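Peer 1: Chains S and P, in that order, give the protein sequences. Residue numbers for the first sequence follow UniProt numbering, beginning at 1 and rising by one. Residue numbers for the second sequence follow UniProt numbering, beginning at 1 and rising by one.
Among the clues, some could well be false.
What the hints assert, rightly or not - These stretches of chain P come out as covered by chain S in the derived footprint (C-beta under 8 Å, 3 or more residues):
1. 4–10
2. 184–195
3. 283–296
Source of the hints: derived by calculation from the structure; they are not laboratory data. Keep in mind that this is a model prediction, so the values were computed, not measured. Built from N, CA and C at the ideal position, the CB exists for glycine as well.
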Amino acid sequence: MTVTPEELRERVRALLASHDPAATGRLDFLRARFDAGLAWVHYPQGLGGLGAPRALQGVVDAELAAVAAPDNEPRRIGIGLGMAAPTVLRYGTEEQKTRFLRPLWTGEEVWCQLFSEPGAGSDLAGLRTRAVRDGDDWIVTGQKVWTSNAHNARWAILIARTDPDVPKHQGITYFVCDMTAPGVEVRPLRQITGEAEFNEVFLTDVRIPDAHRLGEVGDGWRVAQTTLMNERVAIGGTALPREGGMIGTVAATWRERPELRTPDLHDRLLRLWVEAEVTRLTGERLRQQLALGAPGPEGSGMKLAFASLNQRISGLEVELLGEDGLRYGDWTMTRPEIVDFYGRDAGYRYLRAKGNSIEGGTSEILRNIISERVLGLPSEPRTDKDVPWKDLPR
Amino acid sequence: MSADLLYSDVENDLRAAVRGLLADRCAPADVLARCEDDEPYDAALWRTLAREVGVAGLLVPEKLGGQGASAREAAVVLEELGSFVAPVPFLGSAVLATTALLAAGTTEADAAVAGLAEGERTAALAVPLPSAPGAEVFAGLRADADGVLGGRVTSVADATAADVLIVPATGPDGPGLYEVRTDAPGVALSVPVPLDLTRPIADVAFDGAAARRIAGPATAAAAVERALLTGAGLLASEQLGLAQRCLDETVAYLKERHQFGRVVGSFQSLKHRLADLWLEIVQARAAARNAADALARDSADAPVAIAVAQAFCAPVAVRAAEECVQLHGGIGMTWEHPAHLRLKRAKADEIALGTPGRHRAALAALVELPAAG
Ligand SMILES: Cc1cc2nc3c(=O)[nH]c(=O)nc-3n(C[C@H](O)[C@H](O)[C@H](O)COP(=O)(O)OP(=O)(O)OC[C@H]3O[C@@H](n4cnc5c(N)ncnc54)[C@H](O)[C@@H]3O)c2cc1C
């Protein structure tokens, strides 16, 4: 079925008529929006969408923003929206989709990602967390690390080794893990910013029903690709106005505080301003391609571009601030719900941006991916591909 | 309205036509052979491009004999010409001179532009190639009340391929645009050895040359400014096309070349360099498309879009050409290999129509990021 923008506006009007945001509780409104297919219009009917082109979501968002309807606070539930949802949609059973997607979208249930381990980061497929079949359940034991938002999460997407006797990519299975289940222990890990956005998660004999497996046994690596691709696309996927993002903050300081200006900083600021604007346009071009249903390979470059740009801009900002750059807002160890680059000072931005080239695939790994998948260059010689996981040197 | 950063079907068709022709007639060996010839330009190729493909009149409205297309289509042609470093005077005649004449808006200018659009004649805008938008280009040349020109202008691109020069000069009542044949008495072209062998430059001296005034103080200065802006904005597409070609050739070579018992392209230090270059070219494409689209729509944002595109794309083209030489090893250093033709064009393009630094300085004013002090 094809939906026109006018029909979408009509549906929004109907939703607002039946559920006046001013008179409806926030959650009730969000649930009604989901049930009306206006949550993510490109999702199927019955799962919060209308099977419409993704590009039309903007029509709905604009109509709802115009009447200040409550949203689902996407920044609080980024892992759910950006990574878990597309994976559940693609590989989930009907029951799984029905059970998980609605509370995920409304934000009633927060999700986290149990992928990285102390011994398996870039080489994620080397992971050693074990899942052993026991009747209708799996029993999972192992350690995960760098798990953002585990302290707020109700559910996790989890990959674990179900067969150590085959090469590493083949012996992995993908699960949905209940973070409230016995045997799940979450401990904060303090970051260079002072706070603990991420955690280490210990899994000790955690029972996961087989009904919470996503995809086939042993097919977890393929399922995880959907998650990882969406993670990288989610970054840099939103439209920005000119000077949106970190460059706007530095530009504002530059305009407000002439006493800080030097010729060297001016030159560097302009170079970064140009690069930020060009990167913004690159994202815009990517979205135009997506809207036509023809995504280009540009997507894999956006995260790389933003990481480097954010790091250099925030570095310049601290330097520009001079004496103020010597001071830091607050080193108190907290466990935040969201990452907020703008609510805090330049020092925080500088330090937090360091994670941009590590989280979601390091910039080195992204360069490998671009050179191999986009440019078609051969991989480095590999010794780990055809060896059973249990026999790998470690 | 926001910019359309993609390529339309019409633009893709035009690209295919130009690319097909260039692949046939503009192979690296052909371009190289011409470089040290007395005829650096390929006049026959230009005739085909101008008349049969219709590129000379892309920017010209149909009522003046052109194609009635826009800067977007001209940009696509420049991508291809940049990719092949084709020795044809498209930038000088079909972009710079044509835009100046169109913006002059007089009957005389319209008449002159019609000849260019049909490919009957070729023109060059007599300004130094390094002139950035905003440059003062009228001061060096004088014209008297009868249109007799005196003075000198240096480094005019595509002048040696031109039948006529469009000359900005200061007349008795202020700035004017003058038209004069390159072979007219009192016009002397001297041709320095150019860095960029595929886009020669000429120094032009006027000594009592009888020219025809085609625009006066009302429009001349704005017309030249429009030409420089358009030229700078579209040059980004030439830089893009050249950079993409350098990357493609380098990747292809590194997939074949073996050292240490493996394909050289499997060494990670090279893969990462090429991934970075690829990303810069992806970004350059967005910047160049944005500038072309802003020009096509006559957007109020065009000066910013153009300054951004030039500041970004010029260094990307240079880096791509430099990487192409380096990653070809010894062969990249030879006269036989075409890498140097692209390097020389990229480096000259970095100076042409404003260096990246000048464009950044322009941007500082446009977006209110004032300099120190
Ligand atoms: C802020 C933050 C939040 C995170 N949140 C989560 C989360 O919620 N869930 C989750 O599962 N993970 C999360 N991570 C983990 C992240 O995905 C990993 O840190 C990342 O994949 C790198 O793995 P590693 O830390 O083991 O580093 P390693 O893989 O050990 O890498 C060390 C260095 O070697 C380089 N390197 C490794 N292999 C290669 C290679 N083949 N070629 C070239 N260079 C190479 C890397 O680029 C890096 O510089 C988070 C990380 C950060 C910083």
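Peer 1: It remains to establish, for every hint, whether it holds in the given structure.
Peer 2: To see whether the hints hold, each was checked on the structure:
{"no.": "1", "hint": "4–10", "result": "holds (count 3)"}
{"no.": "2", "hint": "184–195", "result": "violated (count 0)"}
{"no.": "3", "hint": "283–296", "result": "holds (count 7)"}
Of the numbered hints given earlier, the model fails hint 2 alone.
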